[in-house]
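Trainee: Letter by letter, the chains look like this.
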Amino acid sequence: MQVERWQHERAFDFARRKAAGKVKPPALQMAADPGPGRGSGPIYDLRLKVAVESFIINLLNGLSWGMLLFLISVGLTIRIIWGPGYHVVDPPAILSGVFSIFNQTYPVYRVFLVVAGPLIGLALWSFFQLTRWGKIIRAAAVDREMAEGIGIRVPILFTAVFALGTWLAAIGGALAAPHQSLAPSMGERIIIESFIVVVSGGMGSFPGAFVGALALGLFESFGTVFLGSAQMAVPYILLATVLLIRPHGFFGREL
Amino acid sequence: MRTDKPISTIIFSLAALAFLSASPFVLPVYWTLILTEILIMGLFAMSFNLLLGYTGLLSFGQAGFFGVGAYATALLISRGGNSLFLCLLISLSSGAAAAGVIGYFCVRRDEIYFAMITLAFGMMLFTVAHSWIKLTGGSDGLPLMSIPSVRMFGIEFSLFNPTNMFLFVLSVTSACILFLWRLVRSPFGLMLTAIRENKQRLSFVGAGVQNLRLAAFVIAGALAGVAGGLFSLFNSMATPDFMHWGFSARPVLMTILGGSNIFFGPMLGAAVFFGLEQVITNITENWMIFLGLILTPVVIFFPRGILGTLVHYLFKKKKIKP
Amino acid sequence: MSEAPILKIENLGHSYGRYMVIHDISIEVFSGDMAALIGPNGAGKTTFYNTVTGRFPPTRGRVYFNGQEITGLPAHKLVPMGLLRSFQITNIFPNLTVIENVLVPLVLHYRKGYSFLRALSGEKKLYRKAEEILDKVGILESADRPANELAYGDKRLVEMAIVLARNPKLVMLDEPTAGMNPEETERTIRLIKELAIRFGTTFFLTEHDMKVVFAVAKQIYVLHQGELIAQGDPETIRADPKVREAYLGGSVND
Numbered sequence: 001m002q003v004e005r006w007q008h009e010r011a012f013d014f015a016r017r018k019a020a021g022k023v024k025p026p027a028l029q030m031a032a033d034p035g036p037g038r039g040s041g042p043i044y045d046l047r048l049k050v051a052v053e054s055f056i057i058n059l060l061n062g063l064s065w066g067m068l069l070f071l072i073s074v075g076l077t078i079r080i081i082w083g084p085g086y087h088v089v090d091p092p093a094i095l096s097g098v099f100s101i102f103n104q105t106y107p108v109y110r111v112f113l114v115v116a117g118p119l120i121g122l123a124l125w126s127f128f129q130l131t132r133w134g135k136i137i138r139a140a141a142v143d144r145e146m147a148e149g150i151g152i153r154v155p156i157l158f159t160a161v162f163a164l165g166t167w168l169a170a171i172g173g174a175l176a177a178p179h180q181s182l183a184p185s186m187g188e189r190i191i192i193e194s195f196i197v198v199v200s201g202g203m204g205s206f207p208g209a210f211v212g213a214l215a216l217g218l219f220e221s222f223g224t225v226f227l228g229s230a231q232m233a234v235p236y237i238l239l240a241t242v243l244l245i246r247p248h249g250f251f252g253r254e255l
Numbered sequence: 001m002r003t004d005k006p007i008s009t010i011i012f013s014l015a016a017l018a019f020l021s022a023s024p025f026v027l028p029v030y031w032t033l034i035l036t037e038i039l040i041m042g043l044f045a046m047s048f049n050l051l052l053g054y055t056g057l058l059s060f061g062q063a064g065f066f067g068v069g070a071y072a073t074a075l076l077i078s079r080g081g082n083s084l085f086l087c088l089l090i091s092l093s094s095g096a097a098a099a100g101v102i103g104y105f106c107v108r109r110d111e112i113y114f115a116m117i118t119l120a121f122g123m124m125l126f127t128v129a130h131s132w133i134k135l136t137g138g139s140d141g142l143p144l145m146s147i148p149s150v151r152m153f154g155i156e157f158s159l160f161n162p163t164n165m166f167l168f169v170l171s172v173t174s175a176c177i178l179f180l181w182r183l184v185r186s187p188f189g190l191m192l193t194a195i196r197e198n199k200q201r202l203s204f205v206g207a208g209v210q211n212l213r214l215a216a217f218v219i220a221g222a223l224a225g226v227a228g229g230l231f232s233l234f235n236s237m238a239t240p241d242f243m244h245w246g247f248s249a250r251p252v253l254m255t256i257l258g259g260s261n262i263f264f265g266p267m268l269g270a271a272v273f274f275g276l277e278q279v280i281t282n283i284t285e286n287w288m289i290f291l292g293l294i295l296t297p298v299v300i301f302f303p304r305g306i307l308g309t310l311v312h313y314l315f316k317k318k319k320i321k322p
Numbered sequence: 001m002s003e004a005p006i007l008k009i010e011n012l013g014h015s016y017g018r019y020m021v022i023h024d025i026s027i028e029v030f031s032g033d034m035a036a037l038i039g040p041n042g043a044g045k046t047t048f049y050n051t052v053t054g055r056f057p058p059t060r061g062r063v064y065f066n067g068q069e070i071t072g073l074p075a076h077k078l079v080p081m082g083l084l085r086s087f088q089i090t091n092i093f094p095n096l097t098v099i100e101n102v103l104v105p106l107v108l109h110y111r112k113g114y115s116f117l118r119a120l121s122g123e124k125k126l127y128r129k130a131e132e133i134l135d136k137v138g139i140l141e142s143a144d145r146p147a148n149e150l151a152y153g154d155k156r157l158v159e160m161a162i163v164l165a166r167n168p169k170l171v172m173l174d175e176p177t178a179g180m181n182p183e184e185t186e187r188t189i190r191l192i193k194e195l196a197i198r199f200g201t202t203f204f205l206t207e208h209d210m211k212v213v214f215a216v217a218k219q220i221y222v223l224h225q226g227e228l229i230a231q232g233d234p235e236t237i238r239a240d241p242k243v244r245e246a247y248l249g250g251s252v253n254d
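Chains as they are written, first to last, in our numbering: chain A, 1 to 255; chain B, 1 to 322; chain C, 1 to 254.
Be a bit skeptical, because a hint or two may be false.
What the hints assert, rightly or not - Away from chain C, derived, C-beta distances all over 10 Å, residues of chain B:
#	residue
1	G80
2	D110
3	S139
4	L183
What the hints assert, rightly or not - Heads up, simulated BS3-like pairs for lysine-lysine below, C-alpha to C-alpha not over 27 Å straight-line:
#	chain 1	residue 1	chain 2	residue 2
5	C	K169	C	K136
6	C	K218	B	K199
7	C	K112	C	K155
8	C	K193	C	K155
9	B	K199	C	K125
10	C	K155	B	K199
Since the hints were derived computationally from the structure, they do not count as laboratory data. Glycine included, C-beta positions come from ideal geometry on N, C-alpha and C.
So here's chain A without its partners, still in its complex pose:
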């Protein structure tokens, strides 16, 4: 499968990262949620990305606005290269086609997504829960000064996490590409949905993100059926409801 990477994803990944305090699996939401499609761009070496981002991020670290503006403007470069129109991408041969289940045909690729998403999520969760690096990252997120005090190089660490998050966003985008067509504007919708998923699920919580994504996906799907044209308000109604009743989300801790 020729996976292509899109700069634009950095824009919405940033948004998620910001919302989640730098520890979030964007791909999880996208893969589990049969939402709008993703974009792609040329895949490039992770090290190169880290180098580039290291410079950029250290420059912009903590300056959320600057970063957002930069990313959005960079993302729009895509329009120059691929043009503003839609592109359709087919799934790789091994995952295309349909199979029948209960007398309904169901695309193989979707099943793949349903399986791949939670797997990635699980991998992420185990990384952060069980591995040494995961614990270091969580420690630095909880108390940055303390972490620096014991010798953890926090700026580099956060850069690495940002790179990881961006990479996951790319994976999410790539996975979703065959599912829906590509267009330069597709990152915009996912930004908001990611915020909503993260806030509903609880910031800093992977199980929360999973539940949040499922909740959003289900509400949206049912909304289309029952609410007609008002269905686009569903994510926002969910967001407002969560914020009013339990602002730290299903699994979040009291801030």
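Knowing the structure of chain A, use the given hints to seat chains B and C on it.
Mentor: Below, chains B and C alone, put in the same frame as chain A:
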């Protein structure tokens, strides 16, 4: 908040007003139109800054109230309304009413939660505008078939004339800004800055912080509504995009550009924003990229915004201005 | 002297979950008193303080202020009644000038919080009052400086000024000398005494610095592991064996 007479600001405003009043007679029509848009969006941004710079509330839903005001005027005219005064009045009150209802829920939450919940409600308003086609014309928007004229001294000034439109917008905007000026220098204004500075402390000296925030939110919504009404008159159109969170990002950008801790910061930010747009679109179609490239260093190196930094260096060692 | 107490605390108790932090505390403070609650760290002073001053309601017991029950009332409701508190961590309005810091409570006191068309600078009465307070507290010369530019000790004074601006009948101070050097502590001790005279305010301190308490207070309550183990005037407390035990023979004899 300054407690002495801010001579410099007063002189600056009067000079600006004089200059602007004369401008449509000397500048090409093209620039008059741009200045009109700058004034309207600047007003919108300043209403936004009442919440951000003064009260410490980042609202991502102000576009919702802007849109409500725009549609209010559009609807009034489409049903035969012929009075500009009434248009503005209805834009103001609908913006205020929407802000009152929505704000009641939003002010209960702080910081990022507040930002998100305002975004959510703003987008709900957007959905209404987008989907209630019978009322709002859906995504095509609502056109304004006729624009009422200004009737003064027995003469009718048509607003289809850019000069008249500009002067009309200038007067309305100036009146609103004057109101804002009085507001931020009043005891209520002090309360708002106190909320920004330390809302816990404020509560512990006996203030109902929630209610104060709601009041600020309603005022900001009312002014956003007025700006929206002006905008729909200017564009002869009201569209749902006015309510989208992307549109809400504009006053945010303008305020950051110009400086949130200076009264006129957002207006200047609007001027820079549109000025840049004009300059860059002459060079290339993809002006947004350059906007990003320019805005990024501004945000990094001028956290007080352009005007904010200027003022800081001109009046060194002074504290935050109103 | 059988007047009603200005503050009456009856069997106050508070638990976090199943852990009882303070229990069965009963105290009476009379107008004009200078009372202090002392106890080592962890004794429950802050919990006591928070439940009485409206941060959160106590799980048990009642509090009366001037005869009115105020148990569990939030802080901003206690303020107009005349009960104010200060904060352990200096809690002022950092970017406002010192005089603006004091104008804030004054605006509220004179019920002008929603006055939005008159200029603040036109409220001469408020400014005079503010200057008066700053003068009494001793920081008038810093009136036009942003509050966060002041030294820590002066910030504490701004805090005091904010509290006193609302003309309280009872001021509860939470460890007022925390983080101060000996000179500042001296100044604060003198200030509290002077303010009590000048403003006629009743003060109730929680402290763990014994020296401050003995210098300032007339009525002392000793808290140990959530309970009151002693109360009385400084002499009584000094002589009390239970108190000595609680402090392990250390600072009591300072």
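Trainee: Could you run down the list of hints and mark each one as holding or not?
Mentor: Here is what the structure says about each hint:
no.: 1; hint: G80; verdict: 35 Å, holds
no.: 2; hint: D110; verdict: 16 Å, holds
no.: 3; hint: S139; verdict: 39 Å, holds
no.: 4; hint: L183; verdict: 5 Å, violated
no.: 5; hint: K169(C) x K136(C); verdict: 17 Å, holds
no.: 6; hint: K218(C) x K199(B); verdict: 34 Å, violated
no.: 7; hint: K112(C) x K155(C); verdict: 25 Å, holds
no.: 8; hint: K193(C) x K155(C); verdict: 19 Å, holds
no.: 9; hint: K199(B) x K125(C); verdict: 25 Å, holds
no.: 10; hint: K155(C) x K199(B); verdict: 17 Å, holds
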